[in-house]
Amino acid sequence: MSAADAAATLLWLSLTAYAVLAGADFGGGVWDIFASGPRKQAQRRAVARAMGPVWEANHVWLIFMITGLFTTFPVAFSSLAIALFIPVTISLMGIVLRGAAFAFRAHGREAVGPTSPWGIVFGGSSIVTPFFLGTAAAAVATGAIRITDGKVVSGFGDGWTTAFAVVIGLLAVALCAYLAAAYLMVETEDDPTLQADFRSRALFASVASGGLALVGLWLAYAQEPRVWSDLSGNGLLLTLLALINGPIALWGVWRLRPGVVRVAVAAQMTLVLWAWAVGQWPYLVPPDLTIAAVAAPASTLRAWLVVTGGGMILLLPSLALLFRVFKARNPAAA
Amino acid sequence: MGTSLGFHIVFAVLGVGVPLLMATAEGIGLWRRDGTWIALARRWSSAFGILFAIGAVSGTVLSFELGLLWPGFMAFSGSIIGLPFSAEGFAFFLEAIFLGLYLYGWDRLGPIQHWLTGLPVALSGAASAVFVVMANAWMNSPSGFTLTNGRLASVDPVSAAFNAATPTETTHMLVSAYVVTGFVVASVYAAGMLRGRFDVHHRRGLLLGMAMAGIAVVLAGITGDTSARFIYGAQPAKFAAMEGLYATTRGAPIHLGGIPSDSEHRVLYAIEIPYGLSILAALDPNAEVRGLDSFPGDQRPNPIVVHLSFDTMVGLGLGLGTLALIFWAAVLRSRRLPKNRLLLWCLVAAGPAAVVTMEAGWFVTEFGRQPWVVYGIIRTVVAATPAPGLGIVFIVFTAIYVALAVTLSRLLLLLARRNRERAKPPPGTEA
Ligand code: HDD
Ligand code: HEM
Ligand code: HEM
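Top to bottom, those sequences are chains A and B.
For the first sequence, the working numbering begins at 229 and goes up steadily by one.
For the second sequence, the working numbering begins at 586 and goes up steadily by one.
I should point out that these hints are in silico values taken from the structure, not numbers from a laboratory.
Where a beta carbon is used, it is the ideal one built from N, C-alpha and C, also for glycine.
Take the hints with a grain of salt, since some may be wrong.
[Stated by the list, open to error] Label-pair distances were calculated between CB atoms; the ranges are:
(1) B:LEU701 with A:ASP418: 25 to 35 Å
(2) A:LEU241 with B:THR983: 56 to 66 Å
(3) A:ILE472 with B:THR965: 23 to 33 Å
(4) A:ILE348 with B:ALA990: 13 to 23 Å
[Stated by the list, open to error] A few chain A residues that don't get close to chain B, going by computed Cβ distances all over 10 Å:
(5) ALA234
(6) GLY327
(7) ALA391
(8) LEU422
(9) SER460
(10) LEU464
(11) ALA494
(12) ALA531
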């Protein structure tokens, strides 16, 4: 594996970490705005309690990915920034508002009531952000972004406004909601009624994301030959695994098996991302930019890999500590 | 970009300074077994939770904006200066992780353990400031790469990170962060004192803030002076604009204030200190200083902005230093906090003034570098995005920032009031 491949792999891994961890935080926002029934406030509190200590750390995976991308594949970064200017800017606003709204509510709960505008902003931006990130991903996967001589030649609306992109955007939201409901179900074990609320939400999100995934596959088959050939080519094994894993995760939620749920639901998001990544390998931005062609000079890649390796030595134990303190089973009920 | 940075930097400097203050207060509390110091740290931590979140999201905007607004700049520079940004990424990571532990761990960790989780927050905050300013220093003093026909030929990202401007710029920025934090914290407590609150929290908060500010402001003067001398050698056009010097002169004077006039080639209405500039720049009253006129018209920064910003920074910096001196002289002489209302009012003003000082410093750096994004290599206009609708994006983001700033200040006020109400029966034994 070349240094460029290693860098690309690490970037995909950090994207996965972001999707699985921060995705659940966005899903939390979805369930905050759709909190309903007699335990409305308890649901919101469960979301806030689960997100509070970890969301900022989860969020940094995105920063890590962005800085890594512009260091190791600067041309891909600037091309994506131009071609996806609109959806990325909207997501960015969503990220800003989501983070701020959460902080305002979490630290000023008595100051700002749950029905305050920031509560709506929190939920709304938690839906908008994954949706537009999903459409942006679809634009990349379908090969709609065209680059000639280092210049973006496709339009600002290309790729992310198709039917396929909309379905992928919705799929992203549904998967986030699924992750959140499933984790929350695991984390509310000491309160069975609340747990039941999240279980039914997880079931709903599971079916919704499964349905959207199938529609997406059908659209890929019918309209997006590039995605279809990627998923049925290099990505075939992972696509099949995703199709098999879906029902397993659903079973885990149905039967309230926390062990299965934790792994299988996170695996669902991961498999979708990796079916895409492996499918389009060796392209970073198909069909014009391959990993090898847009990689930074070898000296930069090596330095980045060294810094990243060193950083991970500090980072991983710290992350483990964070999750051990706050996410261990049945933490002292806060 | 300038707006986002100007917004972000305010939170960033507090993100550097406040964790150090909290760790200090908590450390003193543990050392002396004194619950009030710890209660002080705990109060700061809840306000800091909000500040940090705003810092984090505004910082995220920046990391995207680098690409969204300056794709040409990033395509060229990414591989060269991405390294400090990536290192910064890890610093953020550690900061966010340990901050999570620190903020939510008051009741879950032992007292010493808890204090220990505060140290990495303070350290990685400082580290992230140093790393990002390394990238900015590179823009001022690009090195670590070679060009063939305008294309990158070879890259040495490590020497790019440790470029010539790095030592002066990172140190000056880091101490500035402590200056700002110190004065902002002091300003909050001084405002409380003006309303008659002289309880132990206010006294200690003020003292600790002024201790940080007092030490840091002296260091800011020293490192700023070093920066200025470095600029004299490295970026003569910026130096000339800082001083509003048009003609290349031996024995050049310093101009205090005044408005540089491009048509008259001199600074109008300024106070002149003969030989001052030559002494400042080279410690030699007869040293030659290059003037703006010696640069082609399209390579000069705007002297009005740069000169006025520079004078604002230095003027306010000296003022803040004097204030700190008076404060500590009064405290040390009478062995208690001064209750003089004028002094307290000055302390209240010092917080915003320190923020202005720092923003003015950034104006010097950034506008002084124009018309270049990367000094001598890429012009700002070339680096910008071709995307449409920038005006709308700008307006929307500015509106978001305003909404955030307003809500934030409302919330902090409410938080302070709540803390006071809770504190009425003296705070429990958190230690
Ligand atoms: C509150 C903070 C503060 C204070 C008291 C001062 N400065 Fe400053 N200054 C900054 C905050 C700052 C800054 C905002 O942090 C800058 C912008 C870029 C940087 O690295 O630091 C800066 C930049 C900066 C630069 C430009 C560096 C460059 O372009 O690379 C110079 C020449 C000085 N300063 C000089 C001074 C002098 C002579 C001071 C003496 C009183 C002084 N500063 C006080
Ligand atoms: C708080 C700190 C900063 C402020 C207030 C600030 C503000 C500004 C301003 C006013 C300009 C000139 C705008 C113009 O002439 O059109 C500028 C330019 C620029 N700055 Fe900064 N800057 C800061 C720090 C940084 C840092 C740390 C970086 C990146 C490492 C950076 C990157 C840039 C870039 C890429 C430009 C060129 C484009 C432009 O001119 O706007 N700045 N900045
Ligand atoms: C001008 C000097 C800058 C300084 C001193 C600085 C410093 C900091 C600090 C201390 C933090 C921690 C957040 C907090 O405590 O509030 C932070 C956050 C952040 N900064 Fe900056 N920053 C600067 C400019 C930039 C620039 C140019 C970028 C763009 C790449 C950037 C990106 C970020 C990001 C992404 C975060 C959020 C990290 C997180 O999620 O924890 N900053 N910055």
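Now the hints, each set against the structure:
| no. | hint | in the structure |
| --- | --- | --- |
| 1 | B:LEU701 with A:ASP418: 25 to 35 Å | holds (30 Å) |
| 2 | A:LEU241 with B:THR983: 56 to 66 Å | violated (36 Å) |
| 3 | A:ILE472 with B:THR965: 23 to 33 Å | violated (53 Å) |
| 4 | A:ILE348 with B:ALA990: 13 to 23 Å | holds (20 Å) |
| 5 | ALA234 | holds (14 Å) |
| 6 | GLY327 | violated (4 Å) |
| 7 | ALA391 | holds (24 Å) |
| 8 | LEU422 | holds (20 Å) |
| 9 | SER460 | holds (32 Å) |
| 10 | LEU464 | holds (33 Å) |
| 11 | ALA494 | holds (20 Å) |
| 12 | ALA531 | violated (5 Å) |
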